[in-house]
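Trainee: Protein sequences, first through last, are from chains A and B. Reminder that position 56 of the first sequence reads as 328 in this note's numbering, one-by-one numbering, no gaps. Reminder that position 148 of the second sequence reads as 166 in this note's numbering, one-by-one numbering, no gaps.
It is possible that some hints are incorrect.
[Stated by the list, open to error] Footprint (simulated), chain B over chain A, 3 or more residues, beta carbon under 8 angstroms:
| # | segment |
| --- | --- |
| 1 | 330-336 |
| 2 | 362-374 |
| 3 | 395-405 |
[Stated by the list, open to error] In silico negatives: residues of chain A with every beta carbon more than 10 angstroms from chain B:
| # | residue |
| --- | --- |
| 4 | T303 |
| 5 | D305 |
| 6 | A309 |
| 7 | L339 |
| 8 | M344 |
| 9 | G355 |
| 10 | Q377 |
| 11 | Y379 |
| 12 | G382 |
| 13 | S383 |
| 14 | P384 |
| 15 | R385 |
| 16 | G413 |
In case anyone wonders, no lab produced these hints; they're calculated from the structure. Note that the coordinates shown come from a computational prediction; the quantities given were computed from them, not determined experimentally. Don't be surprised by glycine CBs; every beta carbon is placed ideally from N, CA and C.
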Amino acid sequence: MTDARRALCCLTLFAALASGCAGRQGFSIATGDRTFAPYAGPVQVTSGAVPADATEVGYVEAQGAALIENAMPEFVARVQELGGNFARLDQWSTRHEMVTRPVMQSYSCGSPRFPMTCTRTVMQTYELATVVLAGRAFRRGLGP
Amino acid sequence: MTLVRRFALAAALAALSACGSTRGSTVVLGARQAAFQGAVRVTREAALPGFALTEIGLVQAVGSGNQNDLGTIVARLQAEAAALGADAVIRMRFDPGFETSSAIGVAVRTRPAAGPQSGFEAYVQGQAVGSRAGVWGEAPSPIALPPEPRARGVMNGPAPGELRPPWQR
């Protein structure tokens, strides 16, 4: 097996393991007395007050890479998953962690007469920022 | 200036600019308004005593490298909020990292509260922000802005003698 193939195998194995360990980007838990079918319409999101006619249907958490605009679609999707059409953002935070990943590099390893390109795998450490949005999903317009 | 010197100066400027950067992110929850020109107040609290708040959106600022400090990041946060038409950022949370740090808050428009209580009335004017999974930020319909409480140049604050936030007393 050549160095390139060996490196490719290592990368594939690492990616497979990493994807197996990776969690979902968000989740939702039904907390209300009633459950609803998933909702496909617009979801109103606020960080302010919850209107009196809203019925809580669950807790929602969503994660996204670095920026709130990456986490918000997931948050809305989780609210819709619970059948909610209204959501309140209760908390938000950014989690920072140092992550090490293998990176494949190529370099010249031959001679002037026989030029060759070799590959090697090096470990690269970088900072990974994840935005977490947490809140509650509600259903409005249920009537009395 | 010789060509070499120009190149050296350009390289130095490029290197300096590469030492750090800030970037912003916004999610409009209410209705975007005309950009605000004054100083944007920032607080970690959820309310401003004496003011009614109208939610505009969630704002975020991220700083890295030599711009990974609270002052720079809050300044970027204020700029992002002002661009949305907000004159205050409430519920600001700062999360420091190793090489990058982030601050997130709620951009709001303030106006003196009519009654003794100040409240968050965003839900009254809130906009639908997602019509299908993974999509948000539907074009918000314009809302009626509250009348300007004071003359131009006064940053939507109360008149002298009225209730003021603690940092203005």
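Trainee: Confirm or reject each hint.
Mentor: So, going through the hints one by one against the coordinates:
Residues of the segment 330-336 of chain A with a Cβ under 8 angstroms from some Cβ of chain B number 0, which does not satisfy the need for three, so the listed coverage is violated. With a cut-off of 8 angstroms between beta carbons, the segment 362-374 of chain A has 6 residues touching chain B; three or more are needed, and the interface restraint holds. With 3 residues bearing a CB less than 8 angstroms from a CB of chain B, the segment 395-405 of chain A meets the requirement of three and the coverage assertion stands. Chain B leaves T303 of chain A outside its interface by the beta-carbon criterion, the shortest separation being 20 angstroms against a cut-off of 10 angstroms.
Annotated as non-interface, D305 of chain A keeps its C-beta farther than 10 angstroms from every C-beta of chain B; the closest such distance is 22 angstroms. Non-interface status of A309 of chain A relative to chain B is upheld: no Cβ of that chain comes within 10 angstroms, the nearest being about 14 angstroms off. Some Cβ of chain B comes within 10 angstroms of the Cβ of L339 of chain A; the nearest lies about 4 angstroms off, and the non-interface call is violated. Its closest Cβ contact with chain B, about 5 angstroms, brings M344 of chain A to no more than 10 angstroms, contrary to its assignment away from the interface.
A cut-off of 10 angstroms between C-beta atoms confirms that G355 of chain A is not in contact with chain B; the least separation is 13 angstroms. At roughly 21 angstroms from the closest C-beta of chain B, the C-beta of Q377 of chain A stays outside 10 angstroms, upholding its exclusion from the interface. No beta-carbon of chain B comes within 10 angstroms of the beta-carbon of Y379 of chain A; the shortest separation is about 24 angstroms. Residue placement check: G382 of chain A keeps its beta carbon more than 10 angstroms from all beta carbons of chain B (closest about 32 angstroms).
The Cβ of S383 of chain A sits about 34 angstroms from the closest Cβ of chain B, beyond the 10 angstroms cut-off, so the non-interface label holds. No beta-carbon of chain B comes within 10 angstroms of the beta-carbon of P384 of chain A; the shortest separation is about 31 angstroms. Consistency note on R385 of chain A: stated as away from chain B, and its beta-carbon is indeed over 10 angstroms from all of that chain's, at 36 angstroms minimum. Every beta carbon of chain B lies more than 10 angstroms from that of G413 of chain A, the smallest distance being close to 12 angstroms; the non-interface claim holds.
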